[in-house]
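Novice: Note that the protein sequences, when read in sequence, are chains A and B. For the first sequence, our numbering gives the first residue as 3, with consecutive numbering after it. For the second sequence, our numbering gives the first residue as 3, with consecutive numbering after it.
Okay, the calculated beta carbon distance ranges per label pair: (1) A:Glu-160 / B:Arg-361: 31 to 39 Å; (2) A:Gly-105 / B:Asn-279: 31 to 39 Å; (3) B:Ile-135 / A:Arg-51: 31 to 39 Å; (4) B:Glu-231 / A:Val-73: 50 to 58 Å; (5) A:Ala-72 / B:Ala-63: 36 to 44 Å; (6) B:Glu-231 / A:Ala-158: 46 to 54 Å.
Result set (DSS-like, lysine-lysine): computed pairs, CA atoms no more than 27 Å apart in a straight line: (7) A:Lys-52 / B:Lys-189; (8) B:Lys-330 / A:Lys-107; (9) B:Lys-366 / A:Lys-107.
For the record, the hints were derived by calculation from the structure and aren't laboratory data. Keep in mind that this is a model prediction, so the values were computed, not measured. Using N, Cα and C, we set each Cβ at its ideal position, and we do this for glycine too.
Spelled out, the chains give:
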Amino acid sequence: MSKELELLTDQVCAGYGYDPVNLLPILQEIQQRSEGNYISEEAARIIARKLNITESRVYDVVTYFSALSAVPRGDVIVQICNSTTCSICDNRELVTWFEDELGVKVGETTPDNKFTLIYTHCIGACDIAPAVRINHDVYGGLTREKVRELVASYRAKEAVK
Amino acid sequence: MKQVHEVHFITELFGKYDGSSLQSYLEAGGFKPLQQLLAGGSEKILKEIDESGLQGRGGAAYPTGRKLRQFLSEKAPRKFVVCNADEGEPGTFKDRELLRRNIYQVIEGMIITAVCTQAGEGIIYVREEYTNIHDHIEQAIESCYQHNYLGKNILGSGFSFELRLFSGAGSYVCGEGFAMCESMEGKSGRPRTKPPYVKQAGFLNLPTLVINTETLSAIVSIIRHGAHEFRKYGTAESPGTKLISVSGKVERPGVYEIPFGLTINEIVNGLAGGMKNGKKGNFVQIGGASGGILPARLWDTKYTYEDFSRAGMSVGSGAIVVADTETKLLDYLKVVQDFFNHESCGKCTPCREGNRQLRIIFDKIAAGTATAEDFYRMEIVLDVMGSTSLCGSGKTEVVPFNTAIKYFPEEFAVFAEFEKRAVI
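Extracted from the complex, chain A is given alone in its bound form (with noise of 0.2 Å):
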């Protein structure tokens, strides 16, 4: 593990030029590609040691942003949005159909770690509201039978993997 990991974090900075100027796209393209979908705390090790900057900077930047993750999470991110028009359009019946498709609350990932369900702000997708977005796309308009087509799809996605 520890090997595979060494490997890929060097083909990345490599890839950066080993500057840290370039942290950002370097943590997301490793955070891509790693198992449990996050920096883990011996990534960020090792992308302190190769950038030459210090392990607290990589901890501080893997936690300010949110599409950053410290902890491990699922192959698939629920996000629901709780801003402003999407709680006007009560996103709180897309919060239970999700809960109960998933079979976990907001903030957990399923067992098998296919799925973790958060809350995000504002995805920009209000004229859609209320707005869910699963990995990098987005979707509104949903009904009970949609949310579990939609889980079904993204569930036979992952099986396939």
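Given the coordinates of chain A, assemble chain B onto it according to the supplied hints.
Specialist: Structure of chain B alone, referenced to chain A:
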């Protein structure tokens, strides 16, 4: 109510060409403004922008012509133009449409701005939440390189401009110029102390011009049609058109281009098709989470910089979030406060601690245990935050609360009621 229509000045090419093809952009008249600049020189173009009266559309409303001239006077071997597409104000999605449907005009706006201010490098800073359009933007950049609209010696003009996309990583404060620079340098997005200003020492401590996606698009349209055409729209103090994002309890939420001067009523009941399911309007929030709350009884207020200023708010990001009477104002303010509590970068004490105090008070309100003293404390906290926070985020965050207190005093009278009950 008179019939209202949206206008298509900045959005003229929406749907007129295949948004992903440079060839079709050219056929629709794209890059003619750039040719005009390369043939006639930048002074003529800067003058046109001055005359248009265009103000920065990111929220600060600084005169664009002046901003460009100031940046031109900054001399350095490397200068950066950054397109601010970190559209993070809740309720805002108009830049998303500009990027999706007319990315080439945004790029053309960047090239024109770079030539006029003698900057050789550019970055489109797109929020991470828009990852699903990153490829589309990068392909457009690539096409422009292939046809020498970007790169060395653009169209034989002797001018070179390198452009790339940078993805944010999810942070509201990064929409602020310095915080944006910090994040592009691989650090947490926390604003720096001014001066020096971003235009003097921004990204890598080099002169950097951070300019909004809509402003860049508007520059191109202004050159294409002339400042006089732009000024046919709007009012004397708010010339031109504005892209607004209407959302919430309306029949037709969406992005509309409007001439300044329409009333909120005309926008809500005209353009956006009226209140959803015929419900009664309660309030709108103007310009994002940090924008003012305007009650339905004042919806004949005109959408202009000057009218909003008189009402204690601003145009901001162009967001209009519409709430009906099913939404309780205090519940809504709690959502707004949660947002800032999460997004405050934590660098300066007034914003960091102020938000903590506000959260305590709003939790008490939700639990029904708030007292008159909490209300007074809230007013003090808001006063300190608004006047002493380091960046615009902390300073403007108080606007929704202050306008809510101003226009809905009865909602806050409940504090005094709690007090009475406690005494009994």
